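For what it's worth, numbering that gives the first Met the number 0 labels the leading residue of the sequence shown as 0, then goes sequentially.
Hints listed in this document are in silico derivations from the structure and should not be mistaken for laboratory results.
One or more hints might be untrue.
As the list claims (entries may be wrong) - Computed list of lysine to any residue pairs in SDA-like fashion (alpha-carbon distance at most 25 Å, straight line):
(1) Lys37 / Ala56
(2) Lys37 / Pro78
(3) Lys37 / Ala79
(4) Lys37 / Pro58
(5) Lys37 / Gly21
(6) Lys37 / Val24
(7) Lys37 / Ser77
(8) Lys37 / His63
(9) Lys37 / Asn53
(10) Lys37 / Ser52
(11) Lys37 / Thr60
(12) Lys37 / Pro11
(13) Lys37 / Gly70
(14) Lys37 / Leu74
(15) Lys37 / Phe59
(16) Lys37 / Ser7
(17) Lys37 / Asp15
(18) Lys37 / Gly54
(19) Lys37 / Thr26
(20) Lys37 / Asp71
(21) Lys37 / Gln49
(22) Lys37 / His64
(23) Lys37 / Met17
As the structure is a prediction and not an experimental result, all values here were calculated from the model.
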Amino acid sequence: MADAVETSHATPFLCDLMSVGGQMVLTERPAAQDEIGKTMAMATAGVVVQIHSNGRAIPFTERHHHIIQPGDLLLVISPAHGDEKAEGQ
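Please construct the entire structure, taking both the sequences and the accompanying hints into account.
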């Protein structure tokens, strides 16, 4: 995170993500039924940045390979207001 402080665009994004009332939120939630069997990259309710599965933390770099299982916990970045989809989806 220290490296991000030296960039002009990452810092405002991280501040928004960490602030109350920002445009983006980071949530931890159980995998939804319609996400089970899909990869992290295929999940459509925000951006899955990490999964906790069977005691392991699955990083974002595995988004095209890890298949979401029942009982997985997802860390998701999504819009703060409602179920809005990002532009272009």
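Evaluation of the provided hints:
1. Proposed proximity of lysine 37 and alanine 56 is supported: the alpha carbons are some 17 Å apart, at most 25 Å.
2. The suggested pairing of lysine 37 with proline 78 holds, with an alpha-carbon distance near 21 Å, which does not exceed 25 Å.
3. Between lysine 37 and alanine 79 the CA atoms are separated by roughly 24 Å; this keeps the pair inside 25 Å, and the hint holds.
4. At most 25 Å may separate the alpha-carbon atoms for a hinted pair to count; lysine 37 and proline 58 meet this at roughly 15 Å.
5. For the hint linking lysine 37 to glycine 21, the alpha-carbon distance of about 29 Å lies beyond 25 Å, and the restraint is violated.
6. Simply put, lysine 37 and valine 24 have alpha-carbon atoms about 22 Å apart, close enough for the 25 Å limit, and the pair holds.
7. Proposed proximity of lysine 37 and serine 77 is supported: the alpha carbons are some 18 Å apart, at most 25 Å.
8. The straight-line distance between the Cα atoms of lysine 37 and histidine 63 is roughly 9 Å, inside the 25 Å bound, and the hint therefore holds.
9. The straight-line distance between the Cα atoms of lysine 37 and asparagine 53 is roughly 17 Å, inside the 25 Å bound, and the hint therefore holds.
10. Among the hinted pairs, lysine 37 with serine 52 is consistent with the structure: their alpha-carbon atoms are about 14 Å apart, no more than 25 Å.
11. This hinted pair checks out: lysine 37 and threonine 60 have alpha carbons roughly 15 Å apart, not beyond 25 Å.
12. Only pairs whose Cα atoms come within 25 Å are accepted, and lysine 37 paired with proline 11 is rejected, the gap being roughly 31 Å.
13. Between lysine 37 and glycine 70 the CA atoms are separated by roughly 14 Å; this keeps the pair inside 25 Å, and the hint holds.
14. Under the criterion of a C-alpha separation no larger than 25 Å, the hint pairing lysine 37 with leucine 74 is consistent with the structure, at around 15 Å.
15. Of the supplied pair hints, the one linking lysine 37 and phenylalanine 59 holds, its CA atoms being roughly 14 Å apart against a limit of 25 Å.
16. Proposed proximity of lysine 37 and serine 7 is contradicted: the alpha carbons are some 34 Å apart, above 25 Å.
17. For the hint linking lysine 37 to aspartate 15, the alpha-carbon distance of about 29 Å lies beyond 25 Å, and the restraint is violated.
18. Between lysine 37 and glycine 54 the CA atoms are separated by roughly 19 Å; this keeps the pair inside 25 Å, and the hint holds.
19. Straight-line distance between C-alpha atoms of lysine 37 and threonine 26 comes to about 19 Å, which keeps the hinted pair within the 25 Å bound.
20. Taking the CA atoms of lysine 37 and aspartate 71, the gap is near 12 Å; set against the 25 Å cutoff, the hint holds.
21. The suggested pairing of lysine 37 with glutamine 49 holds, with an alpha-carbon distance near 14 Å, which does not exceed 25 Å.
22. For the hint pairing lysine 37 with histidine 64, the CA-to-CA distance comes to about 9 Å; that is within 25 Å, so the pair holds.
23. Restraint check: the Cα-Cα separation between lysine 37 and methionine 17 comes to about 28 Å, which exceeds 25 Å; the hinted pair is violated.
The structure shown violates the earlier hints numbered 5, 12, 16, 17, 23.
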